[in-house]
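Just need the whole structure built from these sequences, with the hints factored in.
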Amino acid sequence: MRGTLKLYTNPLSRGRIARWMLEEVGQPYDVEVLGYGTTMKSPEYLKINPLGKVPTLVHGEDVITESAAICAYLAEAFPEAKLNPDVHERASYFRWLFFAAGPLDAAVSNASAGFEVAPEDYRRFGYGNYKSAVDTLAYAVSQHDYIAGDRFTAADVYVGMQVGWALEFGTLETRPEFEAYWSRLREREAYVRASALDDASVRGE
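Just so you know, we're using the working numbering here: the sequence shown kicks off at 123 and counts up by one.
It should be emphasised that the hints constitute simulated quantities derived from the structure, not laboratory data.
Don't take each hint at face value.
Unchecked claim - No farther apart than 25 Å at their CA atoms in a straight line, the calculated lysine to aspartate or glutamate pairs in the DMTMM-like style are these:
1) 128 - 183
2) 253 - 301
3) 175 - 227
4) 128 - 321
Keep in mind the model is a prediction, meaning the values are calculated, not measured.
The structure is reproduced here in structure tokens:
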């Protein structure tokens, strides 16, 4: 027995990435919605995730935090979903998953907060500058239909949601490469289901 799955989340958070991935693997799971500054910082939850953030996935006795890690973990935990990379996809899978979770996320977050790296400090930041990160993302999503090749994998859940959100909220400039990539993902049944569930949670349903 692999143990039950429980997602701690908030529908206005990156927990949407984890929800989408759970819908992709097709396994039953429980959800507990936490509030910012309240239950997310409660002593009970801090024992599970000391950072006091969401999402957190509990699988039996195992705890997984960080959205990209949750995507990779679920792909490995449930190989029957066929979301792991094959031998020819592994390099691109790990390369772009970690790029999106590290340099890209930092670049977009900093730019959204109005922080711009001075040219003399480019070497101190893993992404160099915002333009370099965005140009690299454009390259990544234009090499194949999906981030690791010609097949959808768990890395597309994370990278795809980053692109989709950035386009929706204007934190990423609109480029044909981004729009084409996101258009291939947003109609997936698992994404549509996950979005409907989170949207209903926002409405208190």
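Which earlier hints can't be squared with this structure? none
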